[in-house]
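Here my numbering is used: the first residue of the sequence shown is 1, the next is one more, and so on.
It should be emphasised that the hints constitute simulated quantities derived from the structure, not laboratory data.
Each residue gets a CB set at the ideal place from its N, CA and C atoms; glycine is no exception.
Worth double-checking, as some hints may not be accurate.
[Claimed, not checked] Quick list of simulated restraints, FRET-style, between CB atoms:
| hint | residue 1 | residue 2 | range |
| --- | --- | --- | --- |
| 1 | SER56 | LYS227 | 39 to 47 Å |
| 2 | GLN146 | ALA220 | 15 to 23 Å |
| 3 | VAL474 | THR74 | 34 to 42 Å |
| 4 | THR415 | THR136 | 26 to 34 Å |
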Amino acid sequence: MHHLPLRRPIVLIATLMLWAAAHAQATQDNSPQANNQTPQSIDVLLHDGYQAIDDSPYTALRHGQHALNMARQTQSLQHEADALKLMADSYLAMHQPDSAIGLFQRAINCYNLLNAPLHIAHSLMGIANGHLQLQTADQALQTLEQAQRLIDFEKLQREYSTDKLEKCTTRQAERILHARYHIFIMMFALVALSIATIVILRRKNKKIKQLEAKNAKATAYTQQIEKQIVDEIKKREQQQQQLAQKSKLESLGNMAASIAHEINQPLGGISMGIDNIMIKLQEQNCAPDFLKPKVDSLFQNIDRIKNIIDHVRNFSRVQKPISLEQTNVNNVVRNALSMLTVQFEKHGVELVAELDETIGIITADKYKLEQVMINLLSNAKHAVDEKAKSPMAPTNYRKKIEIKTENKNIDVIITVRDNGVGIPNKIRDKIFDPFFTTKDEGEGTGLGLSISYNFIKDILGNIKVDSREGEYTVFEITIPKI
């Protein structure tokens with residue numbers, strides 16, 4: 001019975017050591033290295049990209065784009081996040097902070113799903129650098145403070161695990177030391193060890209419970225914040241979708257005359273064809289060689305009407321947030337022009353289209369891209385109409401709008417130019433803000449350019465404007481061939 005005082009502390013020590021070992025193994029299993037089962041070639045692309053980012057950020061961007069495609073194919077969320085971060089760092093090196101900030105935000109969304117706070121902190125520091133390039137110091141400081149809080153929280157967890165392991169190691173050393181002298185002072189050592197171990201374990205258990213309570217509180221708070229962020233993102237996506245649909249319906253309303261004209265043409269052909277067939281039937285002179293081409297022509301016009309209705313229906317339906325596919329930019333531009341040509345003709349606008357047939361294919365949502373084209377062309381028409389009404393317009397003024405596509409390295413360039421009223425310098429920085437418009441009440445909602453800007457950013461593109469008040473406005477869209 002005199003051995004019982006030793007058994008309880010030994011069991012408690014062994015239990016604590018096993019718990020620490022299990023926790024260390026669980027931490028190791030949850031590390032990025034254990035979960036990294038994506039192809040090695042993605043790691044090589046990311047490594048080469050960061051090697052090239054200082055000397056050739058454009059090359060680094062291409063490595064990041066290829067790594068992003070491979071990560072999506074292999075469904076590797078870790079590598080998708082790393083590729084987005086590489087592309088964001090490349091844009092920072094190219095002094096394009098707007099594109100960099102958007103990509104850092106997408107990387108943070110992935111790292112949130114991976115529960116990787118240090119990666120999130122690094123991406124937040126990248127966003128802060130982007131705000132510094134944009135000279136928005138307040139936003140940069142707020143972002144750095146968020147990153148610091150994540151780093152402090154991660155450091156607290158790491159110090160907690162290290163402290164626990166060191167305490168277990170110290171107790172093991174004490175047991176070995178006591179074992180060396182147990183022959184000489186066995187009874188005294190057993191009693192002293194029992195008392196000391198009980199006191200230490202009680203204190204340690206109290207400290208562990210306090211730390212576990214703090215950890216549980218921090219975890220619950222983090223989960224609450226993450227849930228709020230996810231809910232807010234869903235609300236933002238729903239709002240963006242509703243605004244985009246509102247803008248589409250507004251565009252369709254403005255294009256009603258053009259759509260009616262497109263349908264009336266084949267309807268006229270059908271009507272004339274049926275009249276000719278009825279006349280031949282009355283004359284009893286409806287031979288097969290006359291009837292067959294007439295019927296074929298009727299069906300061709302019917303198919304044309306069907307295609308027009310299908311296109312309008314697909315354009316006006318509610319699109320999913322992301323619906324990417326291989327898209328021919330020139331076909332998108334032609335579809336947009338077909339819905340606006342009659343409207344432009346009625347307003348006396350000269351429309352010039354110069355399409356480069358060598359630009360190739362891009363990855364985009366063709367209906368959203370078509371909406372961007374319609375928004376830009378409609379704004380250009382409004383600009384030339386306003387200039388024609390102005391008493392300052394030249395007497396020989398002719399309304400003119402040009403749209404051009406161009407192949408440039410790994411990018412596709414789309415340019416829309418008009419010789420309208422231009423954009424004043426004082427409002428040029430506000431034109432992409434939601435609900436900002438210079439049109440009279442009832443003529444516009446101020447959503448077109450805002451939605452267009454977000455669409456282009458979603459496919460990793462860029463949109464910029466150049467204008468001189470009273471002379472011209474040029475919108476240039478750059479889309480990568482990803």
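Against the structure, the hints come out as follows:
no., hint, verdict
1, SER56 - LYS227: 39 to 47 Å, "holds, 41 Å"
2, GLN146 - ALA220: 15 to 23 Å, "holds, 19 Å"
3, VAL474 - THR74: 34 to 42 Å, "holds, 41 Å"
4, THR415 - THR136: 26 to 34 Å, "holds, 29 Å"
Checked against the numbered hints above, the structure violates none of them.
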